[in-house]
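2 protein chains.
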Amino acid sequence: MADLDRDPRLLPFYPLLYLAWADGELSEREADLIRQHVEAAGLGPEPLEGWLDPERPPSPAKLLGLLSSVRRLASELDRPDHETLTDLGVGIARAGGHDPDDAERAAVAGLEAALAVDVGEGAAAMLPEERPVAELPEIRPAFDVDGMTVWLDGDKHEIRARVRALIGSPPFESPGEIASSDYRELVLDWCRRLADEGLGALATPEEFGGGGDPGGFVAAFETLALFDISLLTKFGVQFGLFGGSVLQLGTRRHHERYLRTIGSLDLPGCFAMSESGHGSNVADIRTTATFDPATDEFEIHTPRVRARKDWIGNAAAHGRLATVFAQLKTNAEQHGVHAFLVPIRGANGTVAQGVRIEDCGYKLGLNGIDNGRISFDRVRIPRENLLDRFATVDADGAYSSPIASQGKRFFTMLGTLVGGRVAVGSAAVSASQVALATAIRYGARRRQFGAPGEPERILLDYPSHQRRLMPRLARTYALQFAMHDLQRRYADPDEERRPIEADAAGLKAVATWHATDTIQAAREACGGQGYLAGNRFAALKADSDVFTTYEGDNTVLLQLVAKDLLTGFRREFGDVSGLARLFVDRARVAVTERNPIITRRSSEEHLRDPDFHGAILAARAEELVLSLARRVKSRVDDGKDGFEALVDCQIHALAAARAHVESHVLDRIVAAEHGAPSSSLAEMLERLRSLYALRTIETARGWYLEQGYLDAPKSKAIRDLVIRLCAEIRPQAVPLVDAFAIPESCLGEIAR
Amino acid sequence: MADLDRDPRLLPFYPLLYLAWADGELSEREADLIRQHVEAAGLGPEPLEGWLDPERPPSPAKLLGLLSSVRRLASELDRPDHETLTDLGVGIARAGGHDPDDAERAAVAGLEAALAVDVGEGAAAMLPEERPVAELPEIRPAFDVDGMTVWLDGDKHEIRARVRALIGSPPFESPGEIASSDYRELVLDWCRRLADEGLGALATPEEFGGGGDPGGFVAAFETLALFDISLLTKFGVQFGLFGGSVLQLGTRRHHERYLRTIGSLDLPGCFAMSESGHGSNVADIRTTATFDPATDEFEIHTPRVRARKDWIGNAAAHGRLATVFAQLKTNAEQHGVHAFLVPIRGANGTVAQGVRIEDCGYKLGLNGIDNGRISFDRVRIPRENLLDRFATVDADGAYSSPIASQGKRFFTMLGTLVGGRVAVGSAAVSASQVALATAIRYGARRRQFGAPGEPERILLDYPSHQRRLMPRLARTYALQFAMHDLQRRYADPDEERRPIEADAAGLKAVATWHATDTIQAAREACGGQGYLAGNRFAALKADSDVFTTYEGDNTVLLQLVAKDLLTGFRREFGDVSGLARLFVDRARVAVTERNPIITRRSSEEHLRDPDFHGAILAARAEELVLSLARRVKSRVDDGKDGFEALVDCQIHALAAARAHVESHVLDRIVAAEHGAPSSSLAEMLERLRSLYALRTIETARGWYLEQGYLDAPKSKAIRDLVIRLCAEIRPQAVPLVDAFAIPESCLGEIAR
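Quick note, the sequences are listed as chains B and R, same order.
Heads up: the first sequence at position 679 corresponds to 679 in the working numbering, and the numbers run straight through without jumps.
Heads up: the second sequence at position 507 corresponds to 507 in the working numbering, and the numbers run straight through without jumps.
Don't take each hint at face value.
Chain copies aren't distinguished; within one or between two, either way the pair holds.
Quick list of in silico lysine-lysine cross-link-like pairs, DSSO-like style, CA-CA up to 30 angstroms [to be verified]:
(1) Lys716 - Lys640
(2) Lys329 - Lys716
(3) Lys716 - Lys62
(4) Lys62 - Lys633
(5) Lys329 - Lys408
(6) Lys329 - Lys62
(7) Lys716 - Lys408
(8) Lys633 - Lys329
(9) Lys408 - Lys62
(10) Lys633 - Lys408
(11) Lys563 - Lys716
Just so you know, these hints were derived from the structure itself, not from any lab.
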């Protein structure tokens, strides 16, 4: 083997020669390239003897010696230029006493170009300097961040801002590791402070000492989710569910007697609906309330273990009165589920006679809530404890109701409690915001990996990182506008209730699944840091997890939405014979929507057009309901009952419901855009709306391609645009999460 | 308004009349239908006067009266037949003293049929009896469950069975709510018991008192994940990472001195690689190890806060010696990352001089692990504490290594630690199994909702419930076979290492994301029950969450896979000019795979054909690598460096890597099928493999449709078959999870 240093004209080739061998393998082709270029520099093959045989590589010691030579010579240079390997080679050659001429330089550069793809490590790897450190780029909001906050907050800006200030101040501080028993008392204390601030009674009519502002109550609830979901839940159980049931299902005498002490938290209470055997299917609960005319009392009874009330918040420790749902029986006749007020503890905390309470014990999350199980052993309550807005029983036990149908009465009663679903869906958006704000602020600061010799790259500048967070940011904005619109309608007594109930069910399901998904993605985006309790994901993940289950299991809720769509469908098109008419209508519509010219349009302008987004999302929602109706009908025609027919089509029903909600959310964000307070805010929302819509379409593109709504090039154009939109939104990502106005103390420590 | 009871011939119409009005709305059409059929029964219109005017509905009291009449008459019957509303009507008419003739009966039946779709509530809703209760159907395994366990276990059946027996016995019991400090000691105690059983030293060569069975060690680790992931992690840190680093990176003198006491847990230790500033990008860590020839020592130093070792398991409380990764400097030259043994605590637990240890504090999960942060203030260690398998420093400070390239040396060192990724991927499969077994057993028992008058339906008989759990069950089986194949190759010294490293990275990412997804889906499938700590999801969710981050962040790992695929691609096709040749090859292949006849075949036989599955999953994997190579090349041609070019194509790189892993997993399950020990086991695996493959294709169908591998009817046929396969597997779902042989005490309480 030749000693390389016998000919200084080889010096400029050192870096390339080392790197070509560094992985221990040199191909024949690479060896040839080196030979050619060395010869082009006017050198013969001799000096490289033993260095270019793929079968017999130089020893590691030889290679390390070569590397040491490069480093030694480079260290003699003031600041070695290593932009390219040619620059480095020329530099060390000079340090070694040989100044390459133009031909030699060209030969080295030619070799570097020829080997380019095959040489993995760059010049920087040969000169193991510390990477340069770079400042973080300044973030310049392209819009008025405070203005965005006010816009997002909508007509309840004031109450939201008040609650944010409150939870951002002591004593509202996350406790870290804490025993459940202590946590429950801490949450009770927090809850008292909220009651003292008048927040608990916000929805209570003013004549009973409240704020008369149900919309404000939901806004306050939503905002609490930025801080602690145990507190949120305690607040919701006491004031929303327990207080709400007395207000909505009771009548004046109940209001007069209870609403003030409920709102002040002097009377802690429970909402006892679920049973061990029946969580979702509440119509089939088994607790009984049998009227006894002899004593003018109802007897509340748990006939079997599976009929015990289960998961009841406030039951295990603090509750004194409970709204209990039970099957009303009078004069030997059953009238279905009604609500009754049943004392479960005395003022001193002793459990009432005939009542048995177990603690549900340690849970996945929400360990600040004292969930319990309640059984009743023939507990007697006065007749007036029936919450009698929708049905009364007179002293003789005669039953009367303004609603004859048991089923309709039941759903009317449940309908008055729709606020719970509006509130939980809204809280899910808040939880998503905390997770995103933490991950995005962290991602905008943290660097990891980088090109050799360059500063490490900011995490949020990686496309995969943007792809994780930007579409979820867009969806969070979209859901926020949709939820606030729903809150407004919920609080407006002139709005029709039925669509509100359906939207509340659908948005609750979609928003809570979004929260689960977003919190997980954000936690993973923070790597190991995401695992520390101080960075908030621990509590967010564990506590918000229950959102998908409580106030209605999401799968059950989406089926309600689907049933409602089928009913609406039937109302619009009459009985099943109307289907034929519908097909004609659809065929006409389909001609427009599947127009090949539209199917193939893929200009960016078209792909960002709200009309395109609206039409294509609505088309999917409608088409899926239509096909669901057809499928259900064909099963009913085959003799199945309605329940079985719908169960058979469950997968389609869920898809139809989800598509409907996604289309509805798009409509809400488009409507918001039309009312944008400034052009810069409208511009931001345009990007978010486009990303929301296109990512939704991309996710469903299998269906769109199957149905002929997209052709392949358009589908690919949408995929590419999603990636580009992520990059387009990225520079404004921090201001966009700043606009959520989350108190610093509610963010993860890595984001403060 | 007429009194209905003036004509007993109206009695058989009562149920229909009530239900037609029950929702408070009657359409003109419905009113006409009723009139027609009442007339067909030979009655005039008079008796119904006031009952058929859509504008003026009967009062609720009237309707409740009608309902009471039906119920009163029905109660006089022995067991009223209410299969249909006609049966019920005829029955109550008889009880009321009128026996309808054939014409009347036909008229009632005709009306019921005509109103069918519009009448929501059935006869059962009118007679509020308790639902009938039904026994659970017997579960008959269609295959040998024990045989399946043995097959799944593979050649490490014995050790797996031993570990299962151990964790299924006291004192291995989940502690429920427990303070971190107590939990850490409990986990240490458990870990000692495992060491006493010889499990800790399983991978240690026999000459140092071990089992000489690295494959057995991974199998034991995998099995521990059925019980407690803190224990799993402690076990992995001590014996896998700390012990493994001494074994793999050290030489004989280190082995002789340390391996026995590590395996017995008499020397608890740490694996200190990650730093606060560098978790994923380990090559850029900043801890230094500078050789001082004057004293023959290395000086270990933490030059800045972000260079402290972070997240180090065993550091905060128990560890005494640590394998510390640091940048080796000698004679003013840097040689990259090397591993050193550094004492951090004395035998009495006192922290060593110059060492500073902080506790990471409370975490999302894994609170049985004492994670800590370690900083070094110029700590001196003897020269022999360099783990010197891949590099030595002599007394003069001269550095030598059998691997000249710093990058290659680094990856070779990391490569020897590949067992960690194999183990974590395997543990993720175990965690998925516990979640699925709990949810599937519960879902096979729990009933909720049902057709009126019918027993409630078993959860697992709902298509949506099947769809949640069956595809994840199939994927869990597929991943189990793939992981066990990888474990076998990992333990076989004759197998080529590089593909093992790439497969370990890819499978770890895919399996751990699968676990996160599956545990969440299983938890939601258990509703409120899923939220109770006793049902295991709390611990599973929180503890397994870290799987996606540790032993390599999943996104980073998939990028490694993509880079490896690009390298393999280059090896196969030479330099970039080979691309042209490749295009020709691909064009030829594409003709076959995109053959319209295949694209359109949608018979069930074809859709379940393993050749179809293999070809279509492989085509996607290959096509995506090809397009990735093209994209990277075009950016390099435009002058970007390799790092930037790959970052630009990151989204595609991740898709290509994932597709590659999915195709690889399919190949493993198909290979397993070929070696099935019996036809009934092969048959079960066929269903699971088909569901795995088709669900994977369904998820990627947007891409397949775009590329012309599927036409729309075939894509829809695949969707339908996925739903049917879920139903086909459902009756065997419980035996299939029983075959995981999870100790009862490791399952959720609802599943025992």
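Okay, the hints, checked on the actual structure:
1. Lys716 - Lys640: between (42 angstroms within a copy, 24 angstroms between copies)
2. Lys329 - Lys716: neither (62 angstroms within a copy, 50 angstroms between copies)
3. Lys716 - Lys62: neither (51 angstroms within a copy, 63 angstroms between copies)
4. Lys62 - Lys633: Classified as neither: same-chain Cα gap 81 angstroms, cross-chain 33 angstroms, threshold 30 angstroms.
5. Lys329 - Lys408: Within one copy, since 18 angstroms is at most 30 angstroms while 80 angstroms is not.
6. Lys329 - Lys62: Between copies, since 20 angstroms is at most 30 angstroms while 96 angstroms is not.
7. Lys716 - Lys408: Neither. Shortest intra-copy (48 angstroms) and inter-copy (38 angstroms) distances fail the 30 angstroms Cα cut-off.
8. Lys633 - Lys329: Neither, since 36 angstroms and 78 angstroms both go past 30 angstroms.
9. Lys408 - Lys62: Close across copies (16 angstroms), not inside one copy (89 angstroms); limit 30 angstroms.
10. Lys633 - Lys408: For Lys633 and Lys408, only the intra-copy Cα distance (23 angstroms) is at most 30 angstroms; the inter-copy one is 66 angstroms.
11. Lys563 - Lys716: between (34 angstroms within a copy, 24 angstroms between copies)
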